[in-house]
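Same order as they appear, the protein sequences are chains A and B. Once you know that position 107 of the first sequence is 106 in numbering that gives the first Met the number 0, the rest is easy, because the numbers rise by one and skip nothing. Once you know that position 36 of the second sequence is 35 in numbering that gives the first Met the number 0, the rest is easy, because the numbers rise by one and skip nothing.
The hints are simulated quantities; they were obtained by calculation from the structure and are not laboratory data. Think of the CB as a built atom: it goes at the ideal place given N, C-alpha and C, for glycine as much as any other residue. There is no bait here: all hints are sound.
Now the stretches of chain A that chain B is said to cover, found in silico as 3 or more residues with beta-carbon under 8 angstroms:
#: 1; region: 113–123
#: 2; region: 236–246
#: 3; region: 359–367
2 protein chains.
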Amino acid sequence: MSVRTQMLTMAREAKLAAAALSVLPTAAKNRALREMGAAIRDNAAYLREENARDVAAAREKGLSAAMIDRLTLKEATVAAMAAGCDEVASLEDPVGKISSMWRRPNGLLVGRMRIPLGVIGVIYEARPNVTVDAAALCLKSGNAVILRGGTEAIHSNRAIAGIVAEALDRSSLPAAAIQLVSTTDRQAVYELLQLEEWIDLIIPRGGEELIRAVVANSKIPVIKHYKGVCHIFVDETAELEMALRICMNAKVQRPGVCNAMETLLVHRAIAPRFLPLLAEEYRRAGVTIRGCPVTEQVLPGIAPATEEDWRAEYLDLILAVRVVDDLDAAMEHIRRYGSLHTEAIVTNDYGRSQRFLQEVQSSTVLVNASTRFSDGFELGLGAEIGISTTKLHAYGPMGLEELTTAKFIIYGSGQVRT
Amino acid sequence: MSVRTQMLTMAREAKLAAAALSVLPTAAKNRALREMGAAIRDNAAYLREENARDVAAAREKGLSAAMIDRLTLKEATVAAMAAGCDEVASLEDPVGKISSMWRRPNGLLVGRMRIPLGVIGVIYEARPNVTVDAAALCLKSGNAVILRGGTEAIHSNRAIAGIVAEALDRSSLPAAAIQLVSTTDRQAVYELLQLEEWIDLIIPRGGEELIRAVVANSKIPVIKHYKGVCHIFVDETAELEMALRICMNAKVQRPGVCNAMETLLVHRAIAPRFLPLLAEEYRRAGVTIRGCPVTEQVLPGIAPATEEDWRAEYLDLILAVRVVDDLDAAMEHIRRYGSLHTEAIVTNDYGRSQRFLQEVQSSTVLVNASTRFSDGFELGLGAEIGISTTKLHAYGPMGLEELTTAKFIIYGSGQVRT
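Full structure from sequences and hints, please.
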């Protein structure tokens with residue numbers, strides 16, 4: 000069977016499974032999720048053996064330590080994957096939810112009911128835990144899913160797929176509810192992206208290169224974010240201690256993630272007091288600063304920032320710092336260089352806090368809190384399937400509800416149009 | 000200037016205008032809308048003169064009577080266009096709306112605030128009233144718009160654009176808030192569809208051919224519906240009189256629109272009583288029936304329906320009729336042949352009404368009401384910019400709110416992640 004035929008067959012079966020999943024009671028979905036969790040626990044040893052084959056191959060190929068770290072299923076990772084299934088089972092089911100209903104003058108009762116999107120394709124890198132995460136979230140939201148993980152994780156993913164298939168079978172759910180692309184042929188991704196008649200949404204998870212390749216080739220809508228160039232603006236009225244704490248957290252706590260701060264904007268009036276204190280803390284934490292000319296005056300000896308630094312997503316202990324004249328200059332910098340991901344202001348000025356919240360058009364905007372809160376779980380969505388920085392359908396962290404859409408439902412009593 | 004450069008210039012200016020519009024107070028937008036209405040009224044005679052040039056050219060080219068009808072600006076049409084601006088001014092502004100806020104355990108107050116999408120491209124046929132409609136709805140929702148109407152309406156559209164530009168100027172709004180593509184070069188549409196960096200959404204309005212051409216060429220997300228193959232299922236428990244009234248209305252009141260019924264499904268148990276009564280009413284109204292073999296037995300002499308009839312959007316006084324065994328068979332027919340637009344059930348059975356509402360995945364599902372209510376205004380959205388039958392972003396009739404997205408806003412008091 001050609002790769003094209005394989006993918007088409009998977010997509011057709013997924014669409015049939017999606018029809019069945021769309022009307023499945025919440026209790027049945029939860030049972031299947033708990034079966035998945037239990038099956039992962041029961042097969043933890045086998046899973047780690049298969050994973051060890053991937054890790055050995057990755058070492059042989061000389062992959063980076065960070066990649067091998069993401070690939071490796073430690074005992075705790077497997078336990079967390081299983082616990083994740085139980086947690087998703089305990090989340091509220093978005094399907095069938097009606098947020099409001101209203102009565103029309105002619106008596107029609109109109110509402111909007113949440114239904115699944117249908118079939119979702121998830122394309123990601125060599126992180127086997129994403130296989131379980133994505134499968135659980137799609138199942139809970141009533142969607143069929145086709146998973147395509149990085150080739151380096153193929154043995155781990157095949158093992159997970161086998162375990163999940165058994166759990167689906169024990170729960171009397173269609174096998175095609177959760178399918179893994181088990182070939183490592185790169186053509187498979189391209190073929191999947193052409194199947195707009197069967198697949199409703201593509202979610203790529205990974206680096207900018209992966210996402211750009213998916214977008215360039217997909218005929219199916221893609222929800223994505225390319226990068227997170229997140230800003231914090233420290234206003235002149237900021238409490239120094241709070242600003243220090245937030246700036247440290249946003250840069251240092253986990254520098255390699257998309258909601259870490261990449262550029263700091265500091266109000267001119269507070270820069271001489273604030274920057275030396277912050278620079279000292281950053282020095283101890285190993286953070287390198289690249290600054291604008293005014294920053295260089297305040298912090299002699301730092302490296303100068305270039306135009307490229309304002310656009311950079313370092314994902315590392317490096318920070319670009321710019322001193323700005325006022326709130327407007329800060330927002331103009333964000334508008335020009337930002338990635339529509341996450342921006343925060345630290346201020347004690349009421350009017351400026353409100354202007355920042357209203358006028359900054361990024362997907363997550365915070366007052367007096369770390370950018371690191373831009374995360375589905377932290378914001379109370381229960382889970383996160385990804386982050387969107389395009390405004391269509393979803394904007395910002397996506398939870399279960401973002402894997403559904405809303406149809407109109409109308410209760411009538413014989414009404415006709417005149 | 001090449002067409003490509005022209006379009007790029009328009010899109011860049013639209014993006015700048017969008018930034019200004021996104022923070023414009025509701026009152027300022029409403030003033031501009033009322034200025035637009037007044038300007039249309041003041042220039043009605045000029046507008047109709049320019050329109051007459053288009054109509055004369057259309058006659059010369061031998062366009063169909065229906066096309067000329069849609070192109071012609073009668074006195075009443077112009078008055079309705081002006082009144083439409085006032086009506087949009089009176090609608091609630093979706094921008095800035097926060098539907099709910101919640102407190103996280105760490106004290107963060109999290110909500111989602113509606114913001115405009117940015118720049119919207121509307122591509123439509125030779126219907127000058129759409130120029131004003133779309134401009135008004137985009138302006139009210141804080142979006143900049145680039146309008147590209149059918150070539151046959153070019154003089155009308157240029158006249159409208161001039162009038163709108165004056166109204167924007169008098170209201171101190173950026174001229175690029177509402178721009179018309181004033182060249183008739185077909186290449187202009189293609190060039191617009193490439194500008195994904197500047198344009199956030201494309202809404203095509205018109206026939207299936209126009210929409211398919213837009214989708215095939217667009218790098219920008221498109222919200223669309225190809226066609227409306229709308230169904231009514233008359234259950235065995237339906238009240239005969241209600242079923243007759245709804246089926247007449249859905250087919251006859253305005254057969255040329257997308258929410259008219261195209262296929263009628265009738266429960267086997269009620270078909271012998273119901274179909275002869277309905278056929279008699281349809282005969283008087285000039286409706287031609289094409290039926291399945293069972294329908295042919297009940298209504299001798301009608302034409303047989305072929306496989307193509309089940310997929311047909313007649314937009315005319317023609318109806319496909321199929322007798323089915325039960326609700327499941329009806330829903331299976333809809334799943335197989337439907338267009339995800341609008342379906343209705345006529346029933347007095349509680350359980351079946353609930354199953355139909357929950358299980359049919361079309362964008363609008365009705366119980367005991369005509370499919371013709373699938374319309375933004377009729378459902379209480381205040382207005383309609385289009386209908387979506389793809390599940391991403393919007394599903395069903397789209398009002399002002401569907402021209403916005405929601406960002407996360409977070410009020411903190413110094414929180415950091417641990």
